[in-house]
Amino acid sequence: MTPLLLASTSRYRRELLARLGLPLDTARPDVDETPAPGEAPRALAVRLAQAKAAEVAARHPGRWTLGSDQVAELNGAPLGKPGTVAAAQAQLAAMSGQSVAFHTAICLIRDGEIHQACDRTEVRFRTLGADEIARYVAAEQPLDCAGSFKCEGLGITLFDAIDNRDPTALIGLPLIAVAQLLRLAGYRLP
84 MTPLLLASTS
94 RYRRELLARL
104 GLPLDTARPD
114 VDETPAPGEA
124 PRALAVRLAQ
134 AKAAEVAARH
144 PGRWTLGSDQ
154 VAELNGAPLG
164 KPGTVAAAQA
174 QLAAMSGQSV
184 AFHTAICLIR
194 DGEIHQACDR
204 TEVRFRTLGA
214 DEIARYVAAE
224 QPLDCAGSFK
234 CEGLGITLFD
244 AIDNRDPTAL
254 IGLPLIAVAQ
264 LLRLAGYRLP
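For the sequence shown, my numbering gives the first residue as 84, with consecutive numbering after it.
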């Protein structure tokens, strides 16, 4: 079978997908990730996952292409990737003591055939002091992560609880849903 094409250059997503033991290639999607005015966080994640998969699939006809996107939601508003230390610290301060939803959407496309799913993870943050936020951001530099943390590392220490159906979703790729979509597409998984 032709290798699956991951529409991402995220090492986190590639490492997660590699767990399924399938041959895979990666390609960087060229997609504007700006939210539309009033766009709900879940809808944004779904739209961007599909846009990424579609953009890469258009350059590679005949290949199954998997796109993914994750959007954090605090009080109904999306939180993007912080990009700077100051923005990461501000995001974590805003999430301190709060419940935050993380919408992780996936889209599998080949020549117009589309399969989609979206996983929701609820994270309850501990009450965080400014000093521990600063130490955490300095230690892990989570500037490219929705929500300003890496739960696979020290980020887990920021939480009181996580509620989800797929532990890999919060890292960036819900493998349970990915496996379900791949089976629909004809991939043979154990």
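Some clues are possibly wrong.
To be verified - Keeping only pairs whose Cα atoms sit at most 16 Å apart, straight-line, the calculated EDC-like set for lysine to aspartate or glutamate is:
no., residue 1, residue 2
1, K164, D246
2, K164, D214
3, K164, D243
4, K164, E98
As the list claims (entries may be wrong) - Derived DEER-like restraints, expressed as beta-carbon distance ranges:
no., residue 1, residue 2, range
5, G236, D214, 15 to 25 Å
6, A221, A244, 17 to 27 Å
7, A119, I239, 15 to 25 Å
8, R248, T117, 22 to 32 Å
9, D214, A170, 35 to 45 Å
If you are wondering where the hints come from, they were derived from the structure by calculation, not from laboratory data. Glycine is no exception: its CB is placed at the ideal position from the N, C-alpha and C atoms.
**Study point:** Those earlier numbered hints the structure runs against, lowest number first
**Key:** 1, 2, 3, 4, 7 and 9
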